[in-house]
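Got chain B; can you put chain F on it based on the hints?
Now for the letters of each chain:
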Amino acid sequence: MIVLTGLNHKTAPVAVREKIFAGCLEKKDLFPALMAINGVEEVLYLSTCNRVEIIASIGEDGLAIKELGNFLSRSGGLTQSEAAGCFYEYRGEEAVRHMFRVASSLDSMVMGEAQILGQVKDAYREALEKYATGVVLNRLMHCSFRAAKRVRSETAIAVNPVSISHAAVELAKKIFGSLDGKKILLIGAGEMAELTGTQLIERGAQSIIVANRSLVQAELLAEKFHGEAVALDALEKKLIEVDIVISSTGAPVFIVTADMLKKIHHQRKNRLLFLIDIAVPRDIEPAASALENVYLYNIDNLQDIVDENMHIRKKEAIKAEAIIDEEVTRYMNWQKELESVPTIVSLRNKAGEIVQAEMEKASGWMQNLDKEDQEKIDNLVNSVVNKVLHAPVTVLKEESSDISSRDIVAAVRRLFRLD
Amino acid sequence: MNLINLQLIMFKIALILCTVSTAGYLFSLLVKRVRLAKISTWILAVAFGFLTINLLFALINSSLLINPGSRDFLSLCAWSVCAVYLALQFKTKTRVLGAFISPFILLFMIAATGETSGKSLLPQNMQNWLTAVHLFCVIMGEALFIIASCAGLMFIMQNSLLKNKRLSKMSMLLPSLSDLDRINHICLLWGFPILSVGIIAGAVFAGLSWQSGWLTDPKIIWTFAGWIIYGFLLHQRLAIGWKGYRMALISGVAFILLLLSYGSVRICFSTLHNFI
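Quick note, the sequences are listed as chains B and F, same order.
Under our numbering, the residue at position 342 of the first sequence is numbered 482, and the numbers go up by one with no gaps.
Under our numbering, the residue at position 81 of the second sequence is numbered 84, and the numbers go up by one with no gaps.
Treat the hints with care, as some may be off.
[As the list claims (entries may be wrong)] With a straight-line Cα cutoff of 27 Å, these simulated BS3-like cross-link-like pairs (lysine-lysine) come out:
#1 B:Lys313 x F:Lys166
#2 F:Lys96 x B:Lys313
#3 B:Lys537 x B:Lys490
#4 B:Lys323 x F:Lys166
#5 B:Lys402 x F:Lys166
It should be emphasised that the hints constitute simulated quantities derived from the structure, not laboratory data.
Isolated chain B (complex conformation) (with noise of 0.2 Å):
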């Protein structure tokens, strides 16, 4: 049986979530500790910064999914209050579903996000390497990346940018095109602007200037950037030269102008100009939008489009969540197979079939045969499967009592290609 238990960002505190990461960590023998739990025969261990999960396939009578939740508090420290209401477990089918909705990121803070499908795979190959995993397991990672790719071509879950700075990048691309050459002009040295000016420079843009009332402040953030600082009286000059500007100042009047703008417009020979206005009170005055070739984007211009594109993805996820039922039934189809009983039978099918086939290509010449004749040919063959097949069926049954019986079901039906 696949269990599956943990907590994420939905039931516990940071404060929980990071004991037990920080208690997992440092535990060398994660998966020595966790294989030895009385009942886990399969084990897998994924930690991010939003959730901390084990997923593992255990003895039918399912007890062993507790232990992997006193485990985990144990290895965090937690007291029992602490612990009390954190974690979640799921069987069978809802623990399959749970790791493809991880996998899809449809369970992500922040939906469609691209990191987490890189995490499941840090944290698949890591049990693969202390071979922690097995028939079970293996089928479930590689059919939850087969979802998760899905959700991601499939649907537009992924597609529009749901964070601020990620938005004021995607606008740059459809102001410039190509960001390359373009310079940027960050007004204040606040941590939004920071994080907006290493995206844009990620993504080809030239160099970054930094204007700011301390210079001090200033010269320390254009280091990082290996750009340039300028005082707050400069301004107007290095708008002359720049494409992007963000501004963040604390300033309680406008910084920059529309005047300020129109003055300059000559001298800029009239190219585009990308104003994103992160601070409030806002520092761009709101006249410069109605400038030709001027494009302003104040802080909530810049939320209402991640709002949008936040609703977009919600909406994508009801289409993920469709493709996400086909893979779990898939899954849970290709499970019930891995019982004997179904693999003798269609074992014994499959060589039925081949005897048949067989028969019916040498009915040809065994026409002029007599029926005596006929009849001992085809008892002869019958003999000979079965006296074939009776070893393999002899062990499927043996086995189907134990759960080790799926490695060996699991041998067979690859062995005779009965999937």
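Leaving out everything else, chain F in the frame of chain B:
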């Protein structure tokens, strides 16, 4: 099978492909998928290939240069627009531009279908190499102008979407402002000299063969007006430094005005260029 028949088959294939590609482009605009526009671009490229072969056959028939048929002439118009558009695709990845340009190509193709293939376009007394140069350059120049204006119209759309602070699907589909502005720039830069050569060739021919009277021909005035607007735009761009919205707006408006005036001249007046 003789060459004329082969040429006709090439033309028909090009027409079908062009129709498919135009439908694809328009549909891509409707469903807002860039991939569809990409496929349409490939189809258009194949159509362009067939159209080229069609024109090569016409050339072998030795009728195109000096004595083009009406169909060949309109095919040449379609071919020119197509060539410029596809060439631009190498420079900028602006597939969706095709949704605005392919209808023009298709219109030329349909008009060409309406003409009988053997009919010669020019009256006997105008068939010489000067008119051939004149014809080709004027068509090429106007084709570039069409594309410059289409890019301008798209710029206006994208501009208003961005000014209204909506990063909608439509805005994601349309090319970036810079790319559109660059297309406008490239087309004006190439189109103006080519159109100039075409007009000069026409003027030299007219000066030699007609002596007087041709300057007041409505279609010549119309072309000349287009040329002046063209020159004005290019001047503003290169010397004054106009960019972006204003450029897009004026080229769009000029294009629509010229289209209207051309239509009315064609319907209302009898001119020396009655054949087009």
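Now the hints, each set against the structure:
1. B:Lys313 x F:Lys166: 15 Å, holds
2. F:Lys96 x B:Lys313: OK: lysine 96 of chain F and lysine 313 of chain B at ~13 Å, within 27 Å.
3. B:Lys537 x B:Lys490: Holds: lysine 537 of chain B and lysine 490 of chain B sit about 18 Å apart, inside 27 Å.
4. B:Lys323 x F:Lys166: Holds, because 21 Å separates the two Cα atoms, which is no more than 27 Å.
5. B:Lys402 x F:Lys166: Holds: lysine 402 of chain B and lysine 166 of chain F sit about 17 Å apart, inside 27 Å.
Comparing the model with each numbered hint stated earlier shows that all of them hold.
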